Amino acid sequence: MTSHDSLVIRRNSRTSRIAQAVLGLVVFLMLVVVLGDNKAWQGKIIDICVLVVLATMWNLLTGYSGLVSIGQQVFVGLGAYGLIVMANGIGLNIYVSIIPAAIITSILAIPIGFIAFRLRGGYFAIGTWVLAEVVRLVIKSIRSDVVGAGTGTSLKVPETLKDGRYTTTGVVIVVVTVTAVVSTYVFLRSRFGLALQAVRDNEGGARSLGVDAYRVRFIVFIVASFFTSLAAATYYIKGLNVQPDAAFSISSWTAPIIVMVVIGGIGTIEGPIIGAILYYLVRDYVSSHEFFSDPAFLIVTGVVAVLFSMFVKGGIWGLVTSRFPGFTIFPVRRQVHLDNVNFDQRGHGK
Amino acid sequence: MNWINAIVQGILVGGLYAMYATGLSVSFGVMRLVNLAHGDLAVGSAFLASTFCLSTGLSPFLSVFIILPVAALFGVGLQFLVFSRVVGVEPAYQIVATFGLSIAIQNVLLQRYSATPRALSIGDFGNRSLKIIGDQVVVGWFPLARFLVAVIMLIALSLFIGRTRLGRAFRATSDDPETAQLMGINIRIVYVIAFAIAVTTVALAGIFNGMQTQFSASDGPALLIYAFEAVIIGGLGSLWGTLCGGIILGVAQTIGAEMDPGWKQLVGHLVFLAVLLVRPTGIFGREELK
Amino acid sequence: MTLLEVKNLDAGYGQFQALFDVSLNLKEGEAISVIGANGAGKSTLLKAIAGTVNMNSGDVLLNGKSICDMQPHERLLQGIALVPEGRRIFRSLTVRENLLIGGYSSRSGSWNVASILEAFPILENFIGRDADRLSGGEQQALAIGRALMSNPRVLLLDEVSLGLAPIVVKQLYAALPIIRNKGCALVIVEQDTNQALAASDHTYCMLEGRISLEGKPSELTREQISQAYFGLGAHA
Chain A
65 MTSHDSLVIR
75 RNSRTSRIAQ
85 AVLGLVVFLM
95 LVVVLGDNKA
105 WQGKIIDICV
115 LVVLATMWNL
125 LTGYSGLVSI
135 GQQVFVGLGA
145 YGLIVMANGI
155 GLNIYVSIIP
165 AAIITSILAI
175 PIGFIAFRLR
185 GGYFAIGTWV
195 LAEVVRLVIK
205 SIRSDVVGAG
215 TGTSLKVPET
225 LKDGRYTTTG
235 VVIVVVTVTA
245 VVSTYVFLRS
255 RFGLALQAVR
265 DNEGGARSLG
275 VDAYRVRFIV
285 FIVASFFTSL
295 AAATYYIKGL
305 NVQPDAAFSI
315 SSWTAPIIVM
325 VVIGGIGTIE
335 GPIIGAILYY
345 LVRDYVSSHE
355 FFSDPAFLIV
365 TGVVAVLFSM
375 FVKGGIWGLV
385 TSRFPGFTIF
395 PVRRQVHLDN
405 VNFDQRGHGK
Chain B
4 MNWINAIVQG
14 ILVGGLYAMY
24 ATGLSVSFGV
34 MRLVNLAHGD
44 LAVGSAFLAS
54 TFCLSTGLSP
64 FLSVFIILPV
74 AALFGVGLQF
84 LVFSRVVGVE
94 PAYQIVATFG
104 LSIAIQNVLL
114 QRYSATPRAL
124 SIGDFGNRSL
134 KIIGDQVVVG
144 WFPLARFLVA
154 VIMLIALSLF
164 IGRTRLGRAF
174 RATSDDPETA
184 QLMGINIRIV
194 YVIAFAIAVT
204 TVALAGIFNG
214 MQTQFSASDG
224 PALLIYAFEA
234 VIIGGLGSLW
244 GTLCGGIILG
254 VAQTIGAEMD
264 PGWKQLVGHL
274 VFLAVLLVRP
284 TGIFGREELK
Chain C
8 MTLLEVKNLD
18 AGYGQFQALF
28 DVSLNLKEGE
38 AISVIGANGA
48 GKSTLLKAIA
58 GTVNMNSGDV
68 LLNGKSICDM
78 QPHERLLQGI
88 ALVPEGRRIF
98 RSLTVRENLL
108 IGGYSSRSGS
118 WNVASILEAF
128 PILENFIGRD
138 ADRLSGGEQQ
148 ALAIGRALMS
158 NPRVLLLDEV
168 SLGLAPIVVK
178 QLYAALPIIR
188 NKGCALVIVE
198 QDTNQALAAS
208 DHTYCMLEGR
218 ISLEGKPSEL
228 TREQISQAYF
238 GLGAHA
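Chains as they are written, first to last, in this note's numbering: chain A, 65 to 414; chain B, 4 to 293; chain C, 8 to 243.
Errors might be hidden in some of the hints.
As the list claims (entries may be wrong) - FRET-style restraints, in silico, Cβ to Cβ: (1) B:I69 / A:P175: 42 to 52 Å; (2) A:V376 / C:S225: 38 to 48 Å; (3) C:K14 / A:V376: 21 to 31 Å; (4) C:R136 / B:L273: 37 to 47 Å; (5) A:P175 / B:W243: 52 to 62 Å; (6) A:G274 / B:L273: 33 to 43 Å.
By construction, these hints were calculated from the structure, which means they are not laboratory data.
Keep in mind that this is a model prediction, so the values were computed, not measured.
The beta carbon of each residue, even a glycine, is placed where N, CA and C say it ideally should be.
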């Protein structure tokens, strides 16, 4: 080594900065579409953004915390009903309502999490599902006009807000999505995120270093519930119609989300985003061209999920990073740089 | 309200739930596998039995002898081809794989059989009943037979695991797979057999369920939940605990239904949650929830 | 007659290499010891022979035949039995069942439940009990007995003295000659050198994954051994 060589620890590489700029451009374009007046495309952007948030949150739980939940639909439903209660019941502005809806959901996530966390692994997964079912059944049996019991209800939109609804909702969801993704990124880069991944990779080891595994995971669970319900509430401002069986449906919400994240790549920030966009586009294309019946599409979806979990564990993004090691849009890991030399995993300089 | 009758019916249905739960218990105990498609395998077996009975005109009781071996073979295939590739450190892949399988099976059934419910016809046997306490407590012959089958199955499994060489290998593998290998046990074979047993028992449960109740393609998840709740209530690592768990769940549900028809599942869930909160290892649990 | 031969073995855990070019030799009826400090690679060596740790290069031969492609359960069938570090008793089995599971492979020979209880009389009292209720020394006796049930030709003993009182260790080592007389060769891995050296015909000392010294215990000086054990002296 010559004297002017020095070791630098960096997170961002030039490629990731370029990728981030591209992503910023994409967000800008989305806003342009959303501020336009093509309702179909506005709707698509809204749907995709909602899925990106949900997928990112599910991935935060599964890929980064090691908590495989198949009960996330409970937060979708609670977000939806929170919106109804705030907007229809209390009379808040429909857009403002999403915040208290998400906050209430996060509060309810505490007892839900407390119960679920008594279980581990596969049993935790089913437990989250049971809890979602319990909430669904309870809401179905509430005899209140606001909630509408089994038949559901619709969001009441005041005349003044009817015109630009898709536009405003679109802007809101883009903001929510960017917030959710950036928060996740910042979170994972922080000390807290490091603790989280340490717990995921080696719980015993992390514990012995003083990390409170339970608390760390619990906080992530609450955060995920917040953003999931926030996005869900926004979705129902567009969709308007809230029915318990649909809002709490595992096959409408959780199943596609799981598949998206698996295809995109569990355990990376980029994976869920890619998976969500890809899944949505494919499903949109397939259903509009009537290639498959609904069940047939779901069969393919299920099989793809199985195959990916067997053979392509890192998802599409995993394939990309194995082809281009070190390439990341959201660099969470630190890399050791020797001036302009970059070491790959095996310690070979290039 | 006829509480005693509700309890009796609940006990009998509990036997069925215990049958569902057994497979989940065995595959988790031996290989730490939670198969989210468990319930769908039961439904699939019922549909296969139905197809068999409709085309041959034979009784559903006979179909058991054909469908069960088919189910066992299917289980062997699944374990070899799919599940052996998703065991390991990260439970996420296992859960995702079994979840994907569940979606695939449900929709295959939906595609092939449509959403119309059907039932396996057992003729008059399904209607005959036994009066226990006058007209107040009436027990159908079929539910009684079904309960007996569940108990016999549990006894057989219990003897197998407790008294045979292979059963001992199961227990050793469940305790410590690496050391089990050092004893000369081929744990891959153990896993395959364990899973085949799981699929066979759940197929039996599915067929017996279909004999009195209507079933449809999307019933799987509900059955999975019942099986799971029975296992948790009764306690991990104990077959007889599973029977008790099933009975407690069955009774909770029938009592709930007595109070209000819409409350059947909810009361079951609430009892499950109560056990989970107060005694997470279950009533007869031996193991920790790892 | 060479029974077990390890040739230039490199082995480890994933990217972490624990053994570097390790070679050793075990003859019929012989007892060899492998000593070394914590982390020297002794346990890894036994596990590589038994098949639970991957070999990167080199070979392991039993009676001249390579076994490096065999799974652990296949190696047991060939006659290699490991008494693992930490005993690893099956907790939900009784003492008798632990012995019976050791005999799962039904290899023929003179070891059975009765003869094992003769060699380790302490187990007699607990035969029907759950194995996890035994003390450390009793569990170790059970672990050795369990391994013997497969009538092995080579018995690998991984740190049997760990965590046990000296008097208990003495009792366990007293059984080793009986085992040798019935035709089983031994590989004894220990951190505690005294018992191991006394019980073996040939010894290998390991340091940081390599063999640092070998020879007959009677011919090696205390100084040589501690240098090889701790890596002091000529080694940098």
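Hints, one by one, checked against the model:
Checked against the hint of 42 to 52 Å, the pair I69 (chain B) and P175 (chain A) passes, with Cβ atoms roughly 48 Å apart. As the Cβ distance of V376 (chain A) to S225 (chain C) is approximately 60 Å, the hint placing it in 38 to 48 Å is violated. The hinted window of 21 to 31 Å between K14 (chain C) and V376 (chain A) is violated, with their beta carbons roughly 39 Å apart. Range check, R136 (chain C) to L273 (chain B): about 40 Å between beta-carbon atoms, so the 37 to 47 Å window is met.
In this structure the supplied range 52 to 62 Å is violated for P175 (chain A) paired with W243 (chain B), their Cβ-Cβ distance being about 32 Å. In this structure the supplied range 33 to 43 Å holds for G274 (chain A) paired with L273 (chain B), their Cβ-Cβ distance being about 38 Å.
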